[in-house]
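This is what each chain is made of:
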Amino acid sequence: MGNLYDLLSQDHRFAEALKACMNCGICTAICPAAEFFDYDPRRICDTVQRKDENAIEELMRSETIWSCGQCMSCKARCPRGNAPGEIILILRKYAQELGYYNEHIREQQQRMAATQGRNILEIGYCIHPDRVLPEQHPEQGPIWEWYTSHIADVAPKLGANYHGEGPGALREIHEKNLAEIRKIYEVTGGMALHKKLTEEL
Amino acid sequence: MTKRFWNEYQKEIAEDHFFYERSCIRQTFFPGSETAFLRMMREELHKDIRDEENQHTCTGIGYHSDFVPLETTMTVVARLFSLMTEAGYKNYVPSCVTSFGIFTEMVEMWKHNPALLEQTRENLRKATGREFEIPENLVHPSDIIYKFREELKKNMKYQLVNRFTGRPLRVVEHVGCHYAKIFPEKGIGKSEFPHVLAGMIESWGGEVVDYPERRHCCGFGFRHYLLQENRGYSVANSKKKFESMEPYEPDFIVANCPGCAMFMDKWQYTIAEMENKTYDRDGYGIPVLTYEEMAGLLLGYDPWELGLQIHQVQSEKLMDKIGIKYDPDAKYRGANGKILPKPEKPRFLKQ
Chain A
1 MGNLYDLLSQ DHRFAEALKA CMNCGICTAI CPAAEFFDYD PRRICDTVQR KDENAIEELM
61 RSETIWSCGQ CMSCKARCPR GNAPGEIILI LRKYAQELGY YNEHIREQQQ RMAATQGRNI
121 LEIGYCIHPD RVLPEQHPEQ GPIWEWYTSH IADVAPKLGA NYHGEGPGAL REIHEKNLAE
181 IRKIYEVTGG MALHKKLTEE L
Chain B
1 MTKRFWNEYQ KEIAEDHFFY ERSCIRQTFF PGSETAFLRM MREELHKDIR DEENQHTCTG
61 IGYHSDFVPL ETTMTVVARL FSLMTEAGYK NYVPSCVTSF GIFTEMVEMW KHNPALLEQT
121 RENLRKATGR EFEIPENLVH PSDIIYKFRE ELKKNMKYQL VNRFTGRPLR VVEHVGCHYA
181 KIFPEKGIGK SEFPHVLAGM IESWGGEVVD YPERRHCCGF GFRHYLLQEN RGYSVANSKK
241 KFESMEPYEP DFIVANCPGC AMFMDKWQYT IAEMENKTYD RDGYGIPVLT YEEMAGLLLG
301 YDPWELGLQI HQVQSEKLMD KIGIKYDPDA KYRGANGKIL PKPEKPRFLK Q
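Respectively, the protein sequence lines represent chains A and B.
Numbered by this note's numbering, the letters in the first sequence go through residues 1 to 201 in order.
Numbered by this note's numbering, the letters in the second sequence go through residues 1 to 351 in order.
Hints listed in this document are in silico derivations from the structure and should not be mistaken for laboratory results.
This one's a predicted model, so the numbers in the text were calculated from it and none came from an experiment.
It cannot be assumed that every hint is accurate.
[As the list claims (entries may be wrong)] Calculated lysine-lysine pairs in the DSS-like style (CA-CA distance at most 27 angstroms, straight line):
no.: 1; chain 1: B; residue 1: Lys-325; chain 2: A; residue 2: Lys-19
no.: 2; chain 1: B; residue 1: Lys-90; chain 2: A; residue 2: Lys-176
no.: 3; chain 1: B; residue 1: Lys-111; chain 2: A; residue 2: Lys-183
no.: 4; chain 1: B; residue 1: Lys-126; chain 2: A; residue 2: Lys-93
no.: 5; chain 1: B; residue 1: Lys-126; chain 2: A; residue 2: Lys-176
no.: 6; chain 1: B; residue 1: Lys-190; chain 2: A; residue 2: Lys-19
no.: 7; chain 1: B; residue 1: Lys-111; chain 2: A; residue 2: Lys-93
no.: 8; chain 1: B; residue 1: Lys-190; chain 2: A; residue 2: Lys-183
[Stated by the list, open to error] A few chain A residues facing chain B, derived, Cβ under 7 angstroms:
no.: 9; residue: Tyr-5
no.: 10; residue: Phe-14
no.: 11; residue: Thr-148
no.: 12; residue: Gly-166
no.: 13; residue: Gly-190
We put the CB at the ideal spot given by N, CA and C, even for glycine.
Model the full structure from these sequences, guided by the hints.
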């Protein structure tokens, strides 16, 4: 394996994400994920900044990097202008590329790629009421069951253009637009990642 | 004299001619709010705003959940900007706060790294043959409503005042994290004292509740909500906020982020189901409105066209407090007046 720190620092976001961490811990104090999981953004910054290859690899193979909820509260509060949440995005990117994630995380990534990821390519949006199924979303309550059961009658009342042509919320996305999205995916690596995740299923 | 921190920073918000971009989450859960925003822009403020049919997702949910790479998101953003350029617009208005954060981040990266901008132009050209310009003005719809809040007030039929007591309504404002936490200088009042929603509330007669967890995330967490087994993270963070705001007895919550508004509504139902606990005195929950729903109600728009009936926490008691007139019989009717069966009632959350 080559130098992991150098690999991480090649990412376009790295220079802005990690400038010089002074280990003050404000990020951890404000972090919702640190309160809920065994996760510590201060330690993430410190581990990467120390350039200890073994420690970085251990971090990339751990589940802890998948705990961040991406709220970016850390970015707002860091007195040095670091963004631990951005470092997380870089660590996750290379953990996926190098196959460093464990079976549990891999299955989770596959599941999202096969649902919301597929939605983008098939209907042009990450989510759509037709695909937020009440049985998979009990937290949405009986009102969601009601809305999705009667959406053809209710959505037009809300000004939506449900599966219609032309502009408006919930309109049908024309195939020419979907084709361009798919082509962008092919040119920029999105399709390769999508296929890697979904074909592993 | 109280120091007004929010006043130290104001952002530039264009006057007119906007290109509107719809949102995955908003069109799913709040299509009436997108409709109301366009109506306010056109009918109340007489602004030109384009609703483009060829637009699509920004992929932001996939980007922050790590199943869409940066380069792909960046080029999808470029395609959306190319639609704006093609239509002859320069002012871009994404409906979603996640999208606003995504667009701001991509533009900032291009500014700092011109080679990356060139690579994106090349990628878009290769994939679609399209060209694009970076918007001259990139703002969230809540910025625009904030800017024109006094103009809108002139047309309002109601105020955020309890008609029984004459006192201002107590309002919890929740600003989506990606509105200003990633790039504080892009938000009105920056990230610590965002004034975007507080300004609307104060102008329209209400009182802002300043509670300890005011700036805490709603708990969306991207992958944490998308993965059913991780949703404990999401509900726990909203619960922390509800517990913190409960002693202040807010009349309602208003949010400028689609995820936040949806979660803070639906997690109240979930917590009621799990613990038979609500955060108001009477067991109905605290209504959660989008800023367009708040403005629309005060302008006298039909609450059932705004979509308040598809929230799980119902808003009739709030509307009664303000004195808003509504037709209860129209609540569960379709667009053509068709009578629909009523939804099932939750076990604990009163409706």
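Exercise. Are B/Lys-90 and A/Lys-176 close enough, with their CA atoms no more than 27 angstroms apart?
Worked result: holds, 24 angstroms
Exercise. Straight-line Cα separation of B/Lys-111 and A/Lys-93 no greater than 27 angstroms?
Worked result: holds, 23 angstroms
Problem set entry | Restraint check for B/Lys-190 with A/Lys-19, where alpha carbons must lie at most 27 angstroms apart | holds, 22 angstroms
Exercise. Taking 27 angstroms as the top limit, are the C-alpha atoms of B/Lys-190 and A/Lys-183 close enough?
Worked result: At roughly 37 angstroms apart (the allowed maximum being 27 angstroms), A/Lys-183 and B/Lys-190 break the hint.
Exercise. Any CB of chain B closer than 7 angstroms to the CB of A/Thr-148?
Worked result: With Cβ-Cβ at 10 angstroms, over 7 angstroms, it is violated.
Exercise. Has the given pair, B/Lys-126 with A/Lys-93, been kept, meaning a C-alpha gap of at most 27 angstroms?
Worked result: Measuring from Cα to Cα gives roughly 24 angstroms; hence the hint holds.
Problem set entry | Restraint check, 7 angstroms cut-off on beta carbons, for A/Tyr-5 near chain B | violated, 19 angstroms
Exercise. Measuring from the C-beta of A/Gly-166 to each C-beta in chain B, is the shortest one below 7 angstroms?
Worked result: At about 5 angstroms, which falls below the 7 angstroms cut-off, the nearest Cβ of chain B leaves the hint on A/Gly-166 intact, so it holds.
For this session: Would you settle whether the hint for A/Phe-14 is holds or violated, based on the nearest Cβ-Cβ distance to chain B being less than 7 angstroms?
Result: Interface hint status for A/Phe-14: violated (11 angstroms vs cutoff 7 angstroms).
Exercise. Per the CB criterion, is A/Gly-190 less than 7 angstroms away from chain B?
Worked result: With a closest approach of 3 angstroms, the A/Gly-190 hint holds.
Exercise. Given the hinted pair B/Lys-111 and A/Lys-183, is their alpha-carbon gap at most 27 angstroms?
Worked result: holds, 25 angstroms
For this session: Given the hint that B/Lys-126 pairs with A/Lys-176, test it: the Cα-Cα distance must not exceed 27 angstroms.
Result: holds, 16 angstroms
Against the hints set out earlier in the document, violations occur for numbers 1, 8, 9, 10, 11.
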